[in-house]
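Line by line, the protein sequences are chains A and B. In terms of this note's numbering, the first sequence opens at residue 1290 and continues consecutively. In terms of this note's numbering, the second sequence opens at residue 1188 and continues consecutively.
It is worth saying that the hints were derived from the structure and are not from the lab. All C-beta atoms, glycine included, are put in the ideal place defined by N, C-alpha and C. Do not rely on the hints blindly, as some may be mistaken.
Claimed, not checked - Partner residues are not named here, just some residues of chain A that face chain B (Cβ under 7 Å, in silico):
1. 1341
2. 1345
3. 1367
Said to hold, decoys possible - Not close to chain B: a few residues of chain A, all C-beta gaps over 12 Å, as computed:
4. 1301
5. 1373
6. 1380
7. 1381
8. 1391
9. 1397
Unchecked claim - Below, simulated DSBU-like cross-link-like pairs (lysine-lysine); rule was C-alpha separation at most 35 Å, straight line:
10. 1227/B to 1326/A
11. 1312/A to 1374/A
12. 1312/A to 1326/A
13. 1370/A to 1227/B
14. 1324/B to 1463/B
15. 1486/B to 1445/B
So you can see what is in the structure, the chains are spelled out below.
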Amino acid sequence: MKNREQRDLFPGALEMMILRTLKRHPLHGYALAQHIKRTSNDLLQIEEGSLYPALQRLLKEELVKAEWGVSSTNRRVRIYKLTGKGAKHLEHEVSRFETMLDGITRVLARGES
Amino acid sequence: MNWLKRLFSRRRIYGELSEEIREHLEEKVEELVAGGMPRKEAAAAARRAFGNVTLAEEDGREVWRWPRVENMIEDARYGLRVLRKSPGFTAVAVMTLALGIGANTAIFSVVNAVLFRPLPFRDPGRLMVVWHTPPQKSFPGVTKFVVSPANYLDWRDQNHVFEQMSAVGFGNFNLTGMGQPESVEGRAVSADFFSVLGVQPVLGREFLEEEDQPGHGNVVVISHEFWQTHFGGSKDVLGSQIKLDDKSYEVVGVAPAKFDFPFQAKLWVPLAWTEKERAVRGNHGYTVIARLKPEIEMKKAQSEMDTISARLAQQYPADDAGWGAVVLRLNLQMFQQVGPALLVLFGAVGFVLLIACANVANLTLAKALGRRKEIAVRRALGASRGRVISLVLTETILISVIGGALALLLAHFVIEAIADFIGPQLPLAVQIGLDGWVLGFTLTISILTGFIAGLAPSWHLTKTNLNESLKQGLGKTDADSSGGRARSVFVAAEVAVSLVLLIGAGLMIRTLYLLKNANSGMDARNVLTVTLGISSEKYATVAQQNGFFHHVLEQIRALPGVEFASAVDSLPLQGGSTQPVAVEGQPVVPMADQPEVAVRLIAPGYLRVMRIPLKQGRDITEADNANARPVVLVSESFARRFWPNENPIGKHVKLTFLPGEASDVVGVVGDVRLNGLSVSEPVQSVYHVMAQNPGTTFMRLAVRTGVPPSSLTSAVTEAIHRVDADEPVVGVQTMEAVVDESIAQNRLNMILLSAFAGLALLLASIGIYGVQAYAVRQRTREVGIRVAMGAQAAEVFRLIIGQGLRLAIIGIVIGLAASFALTRLMASQLYGLSATDPWTFIGVSIVLLTVALAACFIPARRATRIDPVVALRYE
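Model the full assembly from the supplied sequences, consistent with the hints where possible.
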């Protein structure tokens, strides 16, 4: 199915965005989805559903942990928090991404001139 | 232990995931409704934004799994359920593969035992056999020849490439003094024989250097089997004396179990050549086994042997001119004997398996097309293509693994039959049976077979358009033409492959028929043969030896039921001595340049017993004795070669190895196939007279009887024992049995190849039938319409038959082309016909076409009975 390939912008991108969002404050799945959509100005066509396998992966790697709680709208929700390991991983991933982006940007710039 | 904990908490994790997703969707709906959207629309919008709910959940779960393994187990479970639900399909598919895999397992077990198991010697890869290569002028086409003592000794002393070089002489010993006299396979070997092979006696020792000296060689190493049968495995065997050819030998060692090298040896004695024997250069009779020095390559050894041979040829031109040497691997010897026939059979069973594969692929495809809706639903629910392929593959692999297990059972019986048949001709160390290698082979080809059989159907299934499949319902319409095409290709391929096998089998059958009816030049019916080797100690002089055979023949000739009896040194069809001869009218040349012809030693009456026609002159008689002028008979081809336009009677022939003057040619006899039924080239031969020969201790008696020959076995044995009760009588055989033995290999090949070809034909006809039956079912509606429009039954019949016939003809054309290319590989197994024998090709094609037609017949008949009303209401 096509959406499988489209979902991730590049492998690990979605996870990185989740970790970055959770770094600011813990969130539950729905709020996380809305936040990522909103901050990306809806530029990234992410299916909300694709968030959950990614969250499961992060849980398995112990980069986030989850607790059941109650939301502001009085709804039983599962709230995700960044772990220490997750914070370190995020730092590493972001710097790797920046290096990559830098590289891509330079090549693109050279191509234009 | 983390993964273990996870395994148990998985159920909780999955539950939480589902709940979470549900909550997510509800929250979204609530939000949208709060924004003013109707609830129904909001639910749809929430799902749209979320994407594939099941898939998200599946993917989320998969994070916690070992997906490959678990999917496999799940698929296997599902597969088993599907197979159980369609027992007919499962039974046919499993049996088909069991037959195909079983045939392969059986042949592989033979190939494995005979060709792939290393010889049970130390570092067998470095063991070589060194043969003479004879001058082509005298031995056209002969590439390997045994070695003379003097040349062996020079090779051994002059080479720098072999660690050790051992000579082995073949022969039989008469064992006496241990119950019934018997003839035992013995080998005379140089002292280093056991150490060259790296084999240690389990009891006692190998030979000492001084025991290889003349007069000191009365020691013997016995085989483990001989030790068991003759000494009951007693430890006291060492130091015992046994009597071989009336000489006493002391047992000094017992060889390890299963060691019977070379070729079914029961005991070994030292060569102990005398000075005179060591100097023999022109008479060849020993096999040379050598171990390469470490780091020396075969090529180097070969060039060294070339150098030595060239030197010897210069030094001893009379004996060695034209004689070279060739270094070959010991472990390839076996391969050269049985390799070609085995590889043909292995190829044949490979083809059978291919057909079985195609059949199962066809069945799976036909069945799977009925499951298109299920597959389409799976795809629609988000199953990836790979997942569906693996689902179908799991099913076919399950079938083939079950088939493989059944195949082992089938193979077990076939292997036993084959082992019974060829086992006695194999060394003891070669055990044909189901061992770990064979089991591994069977498992491997089972999985591979399932994989191959499932590949086409699964690929085809996942390729089909989702929407089409879903819309179409059960797939009973005419729309899956591409599936039909795949099946047609399979059927044509099956026909083609079966044709190749059938032609192979046909060629073998005709070969056997032609061999059985070949004119051997003699009459094998009602002839009994007896092998008689006597002790050279007891019968030391020429007069004693000839006297013994003379008396024996007199005794036998007097028996009731015996027409006549005579003797020869080697029976027809079994090969025998070739010797250089000097022929009157030919230039006088040294021995190395003399023509080599077959030389047979006979007693009077041999022509009469074997019914070999006398073409000219007279037969030999009792009057041609030691005091008369030496005489010979020559074969027609001999006379034609040397005296093409002259009268051969009265010409002279000198047998170079025979002392005395040249012999008179007194008669010309018909050519006999001396070297086997399949050697149709006439053998130029000379027959000389036992009474005029300087003694022999080994003859084959031939007795022509007026009654069934085997009924005289005991009478003949008693007659011999009346002359000397100590001489073993062995190898009592009718001449017809000798003939059968000479074509036993051809017969085994024919039987196996025919069985495999028959199997292929059966599988292919099942394949054709299956496809046609399916096609008829598929075209029910079309046929119904045709009938409704006024088509006659005959037209419908022709329509269906025509479709099957077209496939069969395409297959036959491809098969004929493939056969032209492939049958030449078996040319060496054929006799009397070319590998592209037109009659076989045409005949077999007709047989196959007939079978194909028959396979189409039932489905076609069924098509003619289609009731248009029922057919059109059907969908």
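> Can you name, in rising order, the numbers of the hints this structure does not satisfy?
Replying inline: none
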